[in-house]
Amino acid sequence: MYFFLNDYNDICVPEILDALRDAIDEKNPGYSFDKHTENAIELIKNAIQYKNVEIHFVPGGTGANILGATAGLRPEESILSAVTGHIEGHEAGSIEATGVKIETIPTMDGKLTVELLEKKLSDFGPEFMTVPRTVYISNTTELGTLYTKDEIESIYNFCKLNGLYLFIDGARMAAALVSEKANLKLEDLPRICDSFTLGGTKNGLLLGEAIVIVNDDLKRGFINLKKQKGAMLAKGFVTGIMFETVFETEDGYLKGARHAHNMAEELAKGLEEKGIKLYQEFQSNQIFIERTKDQVEELRKIAVFEVTGKTENGNDVVRFVTTYRTTKEEVEGLIRDIK
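Using this note's numbering, the final residue of the sequence shown is 339, and nothing's skipped along the way.
Just so you know, the hints here were simulated from the structure itself, not pulled from any lab data. Among the hints, a few may not be true.
[Claimed, not checked] Mimicking DSSO-like on lysine-lysine, the simulated pairs with C-alpha atoms at most 27 angstroms apart in a straight line are:
#, residue 1, residue 2
1, K51, K160
2, K255, K181
3, K255, K149
4, K160, K219
5, K255, K293
6, K301, K269
7, K45, K255
8, K101, K219
9, K160, K185
10, K227, K277
11, K181, K328
12, K310, K120
Turn these sequences into a full structure, and let the hints guide you.
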């Protein structure tokens, strides 16, 4: 079977396991007040070339989004998100459970634009509506599309003009950073948003996401909010060790994502050469194709994947995801055997 279900289907890269094993006899303080976390924070600050940030490590993406997207919001304020946004349809109402409403915006490719935001803001005003305060985007998106540096910067400038915060969900940030089309670098991020995350779970770590807070207004009480929302690990040194490991070498954080991107590119090219049209243009490590119900059943005999939705004509949208461990043989095999 060819496994293309997701990008969090194994334990971790060997370097992470080695680093955890090397620390097996250490005694560390809890709650991220340890030398590994301190070093990891400094390494990330060096990588993004920006010192005036606050960095917190949390176990997973949902907790990171709850904290990052709701920080600084009052009860009457809301979050603007694409209708396909991860926080809207994949996190069990976790944002709304905090008392903050998500106001969604329809979009064909999973991306927000200044024009879409302008139109949405024009719908608000009366006292019986929420007050938009944070714009949520993810890079890459749920549809495998990505934001370029210029697109994010344009949205950020719009946010500043309209008193909005911009939060970037970076669960798959590494996948965006390795794409030439994005023209985006780590050091760009703190200069074009108010806060963002650097995903580990979907990028070869055992677990963990880094929340990077740039805007000083969002830093106040954040560590208390982190504890309140159940996102503070007692053994915080574990995430510290993992992020320390991938950021202590120049290409450590992006190496696996670059391999995944290359494998996805080969898969996309091979499928198209076989006459299978992509449902979304290839941009990242998520590849989408359209299949009939019968074709999906045949495909399940040779591959593991996810059906993410329906097309307008009722066919299934099939998603293939590549990872740092995807092999050329798996890609070539799927291309050869798919009907």
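Status of each hint after checking the structure:
no., hint, result
1, K51 to K160, "holds, 21 angstroms"
2, K255 to K181, "holds, 17 angstroms"
3, K255 to K149, "holds, 20 angstroms"
4, K160 to K219, "holds, 18 angstroms"
5, K255 to K293, "violated, 37 angstroms"
6, K301 to K269, "holds, 22 angstroms"
7, K45 to K255, "holds, 19 angstroms"
8, K101 to K219, "holds, 21 angstroms"
9, K160 to K185, "holds, 21 angstroms"
10, K227 to K277, "violated, 47 angstroms"
11, K181 to K328, "holds, 23 angstroms"
12, K310 to K120, "holds, 26 angstroms"
Figure legend: structure checked against the earlier numbered hints; hints not met, in rising order: 5 and 10.
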